[in-house]
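Asks: Protein chains in written order, with the working numbering: chain A, 43 to 227; chain B, 933 to 1275.
In short, the hints are calculated from the structure, not lab data. Every residue gets a Cβ at the ideal spot worked out from N, C-alpha and C, and that includes glycine. You may find that some hints are simply not true.
For each label pair, taking beta carbons as the anchor points, the in silico distance ranges come out as [as the list claims (entries may be wrong)]:
| # | chain 1 | residue 1 | chain 2 | residue 2 | range |
| --- | --- | --- | --- | --- | --- |
| 1 | A | P184 | B | L1150 | 45 to 55 Å |
| 2 | A | T182 | B | S1243 | 18 to 28 Å |
| 3 | A | T182 | B | P1139 | 29 to 39 Å |
| 4 | B | L1150 | A | R187 | 49 to 59 Å |
Quick look at which bits of chain A chain B covers, simulated, 3 or more residues with Cβ under 8 Å [stated by the list, open to error]:
| # | region |
| --- | --- |
| 5 | 132-144 |
| 6 | 149-163 |
| 7 | 171-180 |
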Amino acid sequence: MLEEAKIPVYVLNPRRVTEIMDAIESVGDLCGVAQRARVRVASLRQRIQGVTDAVRGKGKPLVFLVINVKPLMSVNRNTTHHDIIEMAGGRNMAEGQRITYPRLSLEEVIRRGPEVIIISSMDRSGEHERARREWFQWDTIPAVRKGHVYLINSDLIDRAAPRIIDGLEEMAKLIHPEIAWNERR
Amino acid sequence: MRGAKDQIVTPLRVLSIGTSLSIVLIVVALISLSMGPAKVSLVDILSWCAGMGSVDETASMILAKIRLPRILLAGLVGFTLSLGGVVFQVLLRNPLAEPFILGISSGAAIGAIGGIVLGLGFTVGVPLLAFLSALGTILLVMGISSRHGGLESSTLLLTGVIVNAFFTAIIMFFIATASDSRLHSMLFWLYGDLSQSKYIQLSICLPLVLIVSGVIYLFSRHLNLIVGGEQSALHMGVEVELVKWVSFIGISLITGVVVSFSGIIGFVGLIVPHLMRMILGPDHRVLLPASALGGAVFLIAADTVARTIISPSELPVGVITAFLGAPFFIYLLKKRGSQWTQD
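Bound-form chain A, shown alone (with noise of 0.2 Å):
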């Protein structure tokens, strides 16, 4: 529709963090600003390379990212969440799932026994710390027998743009809390 009205349409689809870096740049590009966009994606790089080296040759905990409560739904492998979970050091729990955003029975959850729960809540309100104590119930899964039922901005790890590296960063600070992040800074 746009193109029957003479108007330039670039499509970009990213799927992965690196494809959302190489999408910057020609956003950068596009938009005749080439050289900032190279410039501040090549800081984002280095703060990508941060994260990962971090994690090199820690332990891959199990992490069941939550994106919508009620019905409790994930992501698969075919996603930006995917992803950074893997780059964060984690396992995706529902990475191997046909559907993309699948709905996960509790039960399921309950039996593959994540290490870490990370609900992705789009607004303040005290519905998601409501539902972050929820879990606190179903207590043979270890990542709530340690306490590691964490809430996540969404907006740092939905978006397709230079803030989905705070969302990274934050990821690999609740999958691995172990290391001192402050220190490597």
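Guided by the hints, dock chain B onto chain A, whose structure is given.
Replies: Same frame as chain A, but now just chain B:
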């Protein structure tokens, strides 16, 4: 005309049908208990039920806190909707009647969706709002259609249908303007879902359902007479208006309560009463308990399919009730006729 229908209803017959359906109910519940992503064998289930712990901690938690409350709630919801279906079909003198027809479903849905929009929780806030708005709706419908203290069936039916249509428009407005995250929760509630079943919900529903179904059962002879026509029932000494008011309010109350926890589960209240009528004949002394128990069996079975068929994912149970129920219903309808008209 044919076999079962002509059988004389004796207390013994009521008891034997009740007992056999209860046994079916228990067997179906046990099988359902053994099914799900976590593998637990039927033998382990039986020993677990007997209190001998041969299952591990995780399995025991799954059985006690996820599967059992869910099966019990499914049974109770099926029981209620199906009982409501029988009563509404008689009192509204319409084979298409089901407990939602007077606006309970859309009334409850408005409340639930309002609760979701406001960000209330699914344990108390959403069900409470759903229940209150279901009750408000049914009182509105009954208020509009009552004339000189009497409830006329066709007026009641039409009012229910129109109020349903009006509320559905509001629901569609909310859905069209909902944000992504809320949309999932809304659709989920509208399709019926039992995955959040908890014992607390049972303890709220069970006493109400028991009391109301007891009262309705006392009316079973009256219902038999009302089937033959309200005028003739009146002449035979049935307080038709009293039976109608009490039944409508009682059924609406329990339907509103269960639906506020389960969401809208269609089809159960329509087909199970007809199935039982086809199989056992139209005498309400048999039909009421048989439909209620049959509804429980049917919904437990349907929900078991819903939670296992695409495991580890789940389907809304409303998808299954119609998908499984409709073909079976058509088959019986072809074979036996509706048994609706008193020929």
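Asks: To test your reading of the hints: which numbers does this structure violate?
Replies: Nothing - there is no hint that the structure violates, so all of them hold.
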